[in-house]
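Engineer: Read off the chains here:
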Amino acid sequence: MESTIIKSSDFNAYFGTNHVVKNVNMEIPPNSIIAVMGPSGCGKTTFLRCINRMHELTPGATCNGRMLLHRDNVYEMHPIFVRLKIGMVFQRPNPFPNLSIYDNVIAGYKLNGIRLSKKEKDEMVEKSLSRAALWNEVKDSLHKKGTFLSGGQQQRLCIARAIAMEPEVLLLDEPTSALDPISTASIEALLYELKLNYTIVIVTHNMQQAARVSSKTAFFYLGEHVEYNETREMFTNPKDPRTQNYITGRFG
Amino acid sequence: MIRTLKRMRYRIGLSSIFHGLIVLFAFLITIPLIAILYFVVREGITRINWNFLIHIPKPVGEEGGGIANALLGSLIIVVVAALIAIPVGIFSGIYLSENKSSRLSYWSRLAVDILQGVPSIVIGIVIYFWIVKPSGTFSAISGSIALAIMMLPIIIKSTEETLKLIPANLKEAGFALGLPYHKVILRVIVPCGMSGILSGVILAVARIAGETAPLLFTAFGNPYLSTNIAKPMQTLPLLIFNYATSPYEDWHNLAWGASFILLIWILLLNIITKLVTKKWKVQL
Numbered sequence: 001m002e003s004t005i006i007k008s009s010d011f012n013a014y015f016g017t018n019h020v021v022k023n024v025n026m027e028i029p030p031n032s033i034i035a036v037m038g039p040s041g042c043g044k045t046t047f048l049r050c051i052n053r054m055h056e057l058t059p060g061a062t063c064n065g066r067m068l069l070h071r072d073n074v075y076e077m078h079p080i081f082v083r084l085k086i087g088m089v090f091q092r093p094n095p096f097p098n099l100s101i102y103d104n105v106i107a108g109y110k111l112n113g114i115r116l117s118k119k120e121k122d123e124m125v126e127k128s129l130s131r132a133a134l135w136n137e138v139k140d141s142l143h144k145k146g147t148f149l150s151g152g153q154q155q156r157l158c159i160a161r162a163i164a165m166e167p168e169v170l171l172l173d174e175p176t177s178a179l180d181p182i183s184t185a186s187i188e189a190l191l192y193e194l195k196l197n198y199t200i201v202i203v204t205h206n207m208q209q210a211a212r213v214s215s216k217t218a219f220f221y222l223g224e225h226v227e228y229n230e231t232r233e234m235f236t237n238p239k240d241p242r243t244q245n246y247i248t249g250r251f252g
Numbered sequence: 001m002i003r004t005l006k007r008m009r010y011r012i013g014l015s016s017i018f019h020g021l022i023v024l025f026a027f028l029i030t031i032p033l034i035a036i037l038y039f040v041v042r043e044g045i046t047r048i049n050w051n052f053l054i055h056i057p058k059p060v061g062e063e064g065g066g067i068a069n070a071l072l073g074s075l076i077i078v079v080v081a082a083l084i085a086i087p088v089g090i091f092s093g094i095y096l097s098e099n100k101s102s103r104l105s106y107w108s109r110l111a112v113d114i115l116q117g118v119p120s121i122v123i124g125i126v127i128y129f130w131i132v133k134p135s136g137t138f139s140a141i142s143g144s145i146a147l148a149i150m151m152l153p154i155i156i157k158s159t160e161e162t163l164k165l166i167p168a169n170l171k172e173a174g175f176a177l178g179l180p181y182h183k184v185i186l187r188v189i190v191p192c193g194m195s196g197i198l199s200g201v202i203l204a205v206a207r208i209a210g211e212t213a214p215l216l217f218t219a220f221g222n223p224y225l226s227t228n229i230a231k232p233m234q235t236l237p238l239l240i241f242n243y244a245t246s247p248y249e250d251w252h253n254l255a256w257g258a259s260f261i262l263l264i265w266i267l268l269l270n271i272i273t274k275l276v277t278k279k280w281k282v283q284l
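So the protein lines, in turn, are chains W and G. In this text, residue positions in the first sequence follow this note's numbering: the first is 1, and each later residue adds one. In this text, residue positions in the second sequence follow this note's numbering: the first is 1, and each later residue adds one.
Think of the hints as simulated: they come from the structure by calculation, not from any bench. Since this is a predicted model, take the numbers as computed values, not measurements. We treat Cβ as the ideally placed atom computed from N, Cα and C, and that holds for glycine. Don't take each hint at face value.
Here are some, though not all, of the chain G residues that point toward chain W, as calculated from beta-carbon distances under 8 angstroms [said to hold, decoys possible]:
{"no.": "1", "residue": "Ala26"}
{"no.": "2", "residue": "Gly117"}
{"no.": "3", "residue": "Asn169"}
{"no.": "4", "residue": "Phe175"}
{"no.": "5", "residue": "Leu177"}
{"no.": "6", "residue": "Lys183"}
{"no.": "7", "residue": "Arg187"}
{"no.": "8", "residue": "Val188"}
{"no.": "9", "residue": "Pro191"}
{"no.": "10", "residue": "Cys192"}
{"no.": "11", "residue": "Val282"}
DEER-style ranges, computed between Cβ atoms [to be verified]:
{"no.": "12", "chain 1": "G", "residue 1": "Ile12", "chain 2": "W", "residue 2": "Gly249", "range": "51 to 57 angstroms"}
{"no.": "13", "chain 1": "W", "residue 1": "Lys139", "chain 2": "G", "residue 2": "Leu24", "range": "54 to 60 angstroms"}
{"no.": "14", "chain 1": "G", "residue 1": "Asp113", "chain 2": "W", "residue 2": "Pro59", "range": "23 to 29 angstroms"}
{"no.": "15", "chain 1": "W", "residue 1": "Ser215", "chain 2": "G", "residue 2": "Leu83", "range": "42 to 48 angstroms"}
{"no.": "16", "chain 1": "G", "residue 1": "Lys281", "chain 2": "W", "residue 2": "Leu196", "range": "54 to 60 angstroms"}
{"no.": "17", "chain 1": "W", "residue 1": "Asp240", "chain 2": "G", "residue 2": "Trp107", "range": "50 to 56 angstroms"}
{"no.": "18", "chain 1": "G", "residue 1": "Leu165", "chain 2": "W", "residue 2": "Asp240", "range": "41 to 47 angstroms"}
{"no.": "19", "chain 1": "G", "residue 1": "Ser101", "chain 2": "W", "residue 2": "Ser9", "range": "51 to 57 angstroms"}
Model the full structure from these sequences, guided by the hints.
Structural biologist: Spelled out as structure tokens, the structure:
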């Protein structure tokens, strides 16, 4: 098995002239959970959005450097293809309000015009919702609108929607910051399960969360990629004084 | 102490006068509508029967006769106008909501605002010189084009304003699933804003259904039943205008009946707007 699924080298991202991600070199191993943490405005979300080319959708946003998925530079692929391979879950739950729970799960197929048989759809909905630990709660109301669910359920629906596309990598942008502790716990438990099938990159400004869920952690500060190590090592023995200051709560 | 008490009483008094005033004005604005409804219904409702709807007007002096030509004409002209204005309006509205600050959207928005203020008779004259004169004949289609131009600002504005309110994160959700831009717009953004877009369209239809001025020298009017959009066609507002200003009592009655029908039509469209808005409302 290859040891790296995503590799960024000398990667920079900008908003206009504002240099928000500076020279990031990072290797992400498959079937693991990588936490990206750092104070607000440190470029962690921007870096995440560069991985599946969502960054360039913002007017004035640019980037350079190399971002490899396996051995291919994602910036030489078609963005639509990249986003099918690399799924994303956002900070705020964003199920499609005009679609039912059922249709939200298969939205990636439905809206892309990929035809599936009724049986395939039923199987996919059940499998994705089960993996997202939502099946038991919604199996009797699959045809209600997705926005009727609670915030935590909506977020799990968004995870189900992302994994229904069978991506190789799942990017999570502060997926629990808008949720209460119970929903957060259920999503964190879910991440452990998902690790078996996917590679997960999770942005969080919550250090405890990074410590709980991830195998490796990257620390960003002012756009720089300061430190990247095994999570346990990072939290017990940080190499860089800035990391130490952050995790001991002196800033951020 | 006495002075502050007096001052207090003065302020309470002022406050109740103000309250009384806004209640009074809120009541006053219902009077014109009630008065219009009262007269039109009183004069119009007695003329309405099945024959009134399916016959064309009779010559002066003959009993009976109806407004079938005007009813059908209005329907055809409005439907054709809507067919022209809806795609153009919705696509422009999408562009304006997607490109908030481009140079084109600045000028486009300005054009829409000005178009909204152009008197309808001016639009009629322009269409007369553009289409009626070169083609050598008054025609229903030229009337439809004039009405379509009047519908555009309403449809564009309502589409733009509705789509602007759709949160950006829904668009991102679409992109993150690998949807191309046109599918994000047509299958995510537009369905979420459907209620606002539809209500804009229906209100625009209601707004132009009663327009007379731009039809005077485009659709022109026609005492006979016609379905040919290349030829002059009768419409309800034209019929009302022509017959109400005629010296014959029979024709006045016809005009009252037509006014009643037009009023019902517009009332229905407004009710449909309300229902559609409710039905397609999306919980964002």
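Engineer: Each of the hints needs a verdict: does it hold here or not?
Structural biologist: Structure-based check of all given hints:
1. Because the beta carbon of Ala26 (chain G) sits about 35 angstroms from the nearest beta carbon in chain W, more than 8 angstroms, this interface hint is broken.
2. Contact between Gly117 (chain G) and chain W, as hinted, is not supported at the beta carbon level, the nearest pair being about 31 angstroms apart and thus beyond 8 angstroms.
3. Below 8 angstroms, beta-carbon pairs count as interface contacts, and Asn169 (chain G) has one with chain W at about 4 angstroms; its hint therefore holds.
4. Given the 8 angstroms rule on beta carbons, the hint for Phe175 (chain G) holds: about 6 angstroms separates it from the nearest Cβ of chain W.
5. This hint holds: Leu177 (chain G) has a C-beta 4 angstroms from the nearest C-beta of chain W, less than the 8 angstroms allowed.
6. Because the closest C-beta pair between Lys183 (chain G) and chain W is about 6 angstroms apart, less than 8 angstroms, the hint holds.
7. This hint holds: Arg187 (chain G) has a C-beta 5 angstroms from the nearest C-beta of chain W, less than the 8 angstroms allowed.
8. Nearest Cβ of chain W to the Cβ of Val188 (chain G): about 6 angstroms, under the 8 angstroms cut. The hint holds.
9. At a threshold of 8 angstroms, the smallest CB-CB gap from Pro191 (chain G) to chain W is about 5 angstroms, leaving the interface hint in force.
10. Interface hint status for Cys192 (chain G): upheld, as the beta-carbon distance to the closest one in chain W is roughly 5 angstroms, under 8 angstroms.
11. Hint status for Val282 (chain G) relative to chain W: holds, with the closest Cβ pair at about 4 angstroms, below 8 angstroms.
12. Distance hint check: the CB atoms of Ile12 (chain G) and Gly249 (chain W) are about 56 angstroms apart, consistent with the given range 51 to 57 angstroms.
13. A C-beta distance of roughly 58 angstroms is found between Lys139 (chain W) and Leu24 (chain G), which places it inside the suggested range of 54 to 60 angstroms.
14. Separation of Asp113 (chain G) from Pro59 (chain W) is about 24 angstroms and conforms to the stated range, judged on CB atoms against 23 to 29 angstroms.
15. A beta carbon spacing of about 60 angstroms between Ser215 (chain W) and Leu83 (chain G) contradicts the range 42 to 48 angstroms that was offered as a hint.
16. Checked against the hint of 54 to 60 angstroms, the pair Lys281 (chain G) and Leu196 (chain W) fails, with Cβ atoms roughly 41 angstroms apart.
17. The beta-carbon spacing between Asp240 (chain W) and Trp107 (chain G), approximately 53 angstroms, falls within the hinted interval of 50 to 56 angstroms.
18. For the pair Leu165 (chain G) and Asp240 (chain W), the beta carbons lie near 45 angstroms from each other, so the given range of 41 to 47 angstroms is met.
19. With their beta carbons about 35 angstroms apart, Ser101 (chain G) and Ser9 (chain W) fall outside the hinted range of 51 to 57 angstroms.
Comparing the model with each numbered hint stated earlier shows that hints 1, 2, 15, 16 and 19 do not hold.
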